[in-house]
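2 protein chains.
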Amino acid sequence: MAEEGSVGIVQTQQYTFAEPPYELELDCGRALGPITLAYETYGSLNADKSNAVLIVHALSGDAHAAGIHNTTDRKPGWWDNMIGPGKGFDTDKYFVICSNVIGGCQGSTGPWSINPKTGKPYGLSFPIITIGDMVRAQRQLIEHLGIAKLLCVAGGSMGGMQTLEWMTRYPEMLQSAIVIASAPLLSAQGIAFDAVGRHAIQADPSFHNGDYYETGEQPVQGLSIARMLAHITYLSDESMRIKFGRALRSESEYRYDFSSEFSVETYLDYQGEQFVNRFDANSYLYITKAINYYDVAAPYGSLDNAMARTRGKTMVLSYSSDWLYPPYQSQEIVNALTRQRKDVTYCNIQSDYGHDAFLLEVDVMKKIIGGFLQHVRHEDRKTRGIAHDVDSEAEFGPPSSASQSIYEGHRVDYEMIVDLVDEGSRVLDIGCGDGELLDQLIERKGVDGAGMELAQGNIVSCVRRGISVVQADIDKGLPTLPDQSYDYVILSMTLQVIKKPDYVLQEMLRVGKKCIVSFPNFGFWKVRAKTLAMGRAPVTRNLPYAWWVSPNRHVLSIKDFREYCAERSIRIERELPLNRKGLVWTARMWPNMLADEAVFVIAKR
Amino acid sequence: MAEEGSVGIVQTQQYTFAEPPYELELDCGRALGPITLAYETYGSLNADKSNAVLIVHALSGDAHAAGIHNTTDRKPGWWDNMIGPGKGFDTDKYFVICSNVIGGCQGSTGPWSINPKTGKPYGLSFPIITIGDMVRAQRQLIEHLGIAKLLCVAGGSMGGMQTLEWMTRYPEMLQSAIVIASAPLLSAQGIAFDAVGRHAIQADPSFHNGDYYETGEQPVQGLSIARMLAHITYLSDESMRIKFGRALRSESEYRYDFSSEFSVETYLDYQGEQFVNRFDANSYLYITKAINYYDVAAPYGSLDNAMARTRGKTMVLSYSSDWLYPPYQSQEIVNALTRQRKDVTYCNIQSDYGHDAFLLEVDVMKKIIGGFLQHVRHEDRKTRGIAHDVDSEAEFGPPSSASQSIYEGHRVDYEMIVDLVDEGSRVLDIGCGDGELLDQLIERKGVDGAGMELAQGNIVSCVRRGISVVQADIDKGLPTLPDQSYDYVILSMTLQVIKKPDYVLQEMLRVGKKCIVSFPNFGFWKVRAKTLAMGRAPVTRNLPYAWWVSPNRHVLSIKDFREYCAERSIRIERELPLNRKGLVWTARMWPNMLADEAVFVIAKR
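Residue numbers (this note's numbering), protein chains in the order written: chain A, 1 to 605; chain B, 1 to 605.
Hints may be right or wrong, so weigh each one.
[To be verified] Computed footprint of chain A on chain B; a stretch qualifies when at least three of its residues, placed anywhere within it, have a C-beta under 8 Å from a C-beta of chain A:
(1) 56-68
(2) 115-123
(3) 239-251
(4) 258-269
(5) 426-435
None of these hints come from the bench; they were simulated from the model. Don't be surprised by glycine CBs; every beta carbon is placed ideally from N, CA and C.
Take these sequences, add in the hints, and give me the full structure.
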């Protein structure tokens, strides 16, 4: 039965192209035809055909992403928890297409298909397929469906590689893209695991060099060994410890033989058995090889050149415990997009589930993907108010929970900062929290604004406000940002808690033509402490450091900050002493006395 | 040719026992006999037989740990870089024994051996062997060699499991133990990888259910697949990226077929081929099964009960990039030993080499293992001066490089602290740096002292001084330490830079009957700044925190510290204001004015 929020009963469809006399040219130099692609669609295409979202699948996926095939079907599509009415890919709003890949074995042309030239299954005579070939074929399907431009292409794992290929090969056909748990290329470790899996299949006596279709049995043992191995790489050490630990299947005592007795062993046996019933060994060889070959940068000379080709918004999601497509590989994509000044949002989602997290972390993915798609579709700011709600905070804790900004009072500095920024300028807010300041800047000054933030809850809030944000630790600086690439770089009420203020300020000045910094003024306390002696942080035999190079976190005053700017020959353009009511006019004489916070506009000399 | 520092040409020896009518009772309930163990020895046993070190090997290791077998032998023993004259296991000082395991295939009784009852090789009729059985057999060898007590048992990976078994099964026979890159038990992930490897062997048509010896060919493909898979787990993602990346074996272009073309593939092929020439498939099944079964805690109900049985000094070494025996598993051993108040030293060695690091990180291992063994052998402090040198700093950077203590001047507080501590008391110095204070405390007060420190260079310095030290981040508190388990817990000149001073001080008071804290006095600076107003850290609208709960790092004065003690109802037993010359007697009236640092002795009320 179709559950609440399900797309219900769906039919897998097929589209055949490259029929004689035509053929599809492949990357390997050979041609293939005719080609059939299996696909499914959910929701309905709107009048101007602007709401189509293409879902591309991982190694063992297929066209059946959501819903069920009949009333007695117990097993819904592979991404049913993300695709449906009110779900992350909301079928009430979007026309969702999921396409199988060529080389596959679930309704699309692959090694199991009959070679029209021989009348027999291709087997290993099937040409080597690349991710590029898969996407080339998908493009034919999209055009067949009469869609000129996709609202979004999204996929996880190998699906993320197909998404990267779409972004670089057919940028004009995309409004946005979501690259999930993926990488610009597979690591040497990943290639090694796939190679061992292929060895296991090829070593199986039933493999018969790929011509096993007529024997009626496929290399079951080799394929199940390959699957067991791969399955380990989809989980994490943590998730396996939680799920199995060292539990025994049934006995309480060791059996002292070589049968599978640990729960984790019997679980893997089961995964292997299930897999061989639904997947073709030759397809496993071809698809893993396609993954191993993929390198989005190769055709363009560098990852930056490749990302320079992309258009529209991109969101990249990785998962903290994913070691098959580790977060640092997603960050390489994000960094290249950032260097190329593309509109990119990134979140490394905290999860114990390993690579499988992209199929399991539904709650946060629903919020972040749903919010992202809504703003891709409605570019006008008006909708932002609607889109934004704070219940994400309820789930992820208050923005400040893991935020680097510790300040939580009423933000008098925001007004000042918004006043200081020029209309329509390009702004980066580092430690942007839940995006409130950027929201005001976009609303009132129509700036092209982006944020940098550490806390997952804040990232989600920003995305749901339609603000592009990259998850990063500002204490690590802004290494991926080009010199002078923003009109303003803003650091509000965060300076006093970051580890390396000197380094971060130098980075801000490198990246921003102007920088705006606000911080609490400790000079003010010293006033109340009735001393005008020196508004400086202590320097003694035991603390032989100026505050800005101190390993201690820092208490600084307006005087301290002025002194720092002098030391580093930084030009102070504006200095605004504030108290809770706003600008302290009287403070123009004695800001360090009367102001309890300050906003500075600085720039390189 | 034997190189400089080599033990030269060695012979593998054999010892046979459990001959009729005797047999060795095994954990599986069956008995085995006769049993032959292959072993090698290096260096010479001293008169009182007190310098014997037993080396136990990993899954695919053997008795040949060092030297060469003949003048043309190109390949020295598996741990030749650690065993020899002047090396980590210095054969000029120690009599080093390396024993093969039963179940093995390099000269010891295993499934390849002839079953005297049938006159044929055992094959799978060989009984299941456990780590306990391996150690039981090794004990017979040690007694045969006339050694009543071993100076040390040391091993990595499965060798670490054998070491743990020695520590818990025959504690009276050990003076010390070194557990390297190991775990109390193998993780579910590790068991899963081994299970897949066994499947590959058993699925090989040449396996013949283990009776392949007479066929003249062993299951080569299955065994090489198992080895390739295992080999991946011995490396790290990082080391594989550095070593192979995506380099192709020869061609610059993809070959678009299923042959091994990436360098990492051909490397694994080579590893597989080499392995099948020297290792027996049945032994691989038996030994991996022994590893999967091992759980040091099982016979005793808990890891703490197991570690409670141990005697003497233990050193535990893990490697930062080891994901097969991850550092957290070594830390579980260390924590249990600590809870049981055992003498334990721990270092998580920074390395990119993954699990293989225990065979490759020779420099640091030579220093830390050499230093450890020297102090096990010479318990008297005199030798400590000799053993200690600071060249470790040259290699690992100054102690403060990654230390949590930032203070580097002349330590006037040390003298005061040494004076304050009672003779022969039990002392823990958290953030102990290179062990200087503990050294003075042991020399002058004969205390039972141990340290806690973060920086690897400092850990090495401590070990070479003969000081037991556990690598840990004091900001994470002292969760593994029982209440009131030390007479004194000391935190010198570190309070002002730790993240959560309140939490750490509470932990110190829980663990120590008395706590000694020294810190720089900011009140002193305020004196110089000509203000007596209030010796307090600022509290304003923008910093609504007392210094000790502030997310900012903290500037505190004697008054601040007194106030904190009052707030937390902590008893101040002594308060010693200091300047660079020492105790400031005149400061008794105005310590906050005249002292630039202070030492407090505090306890729970």
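>> Going through the numbered hints above, which ones does this structure break? Give me the numbers in ascending order.
In response: 1, 2 and 5
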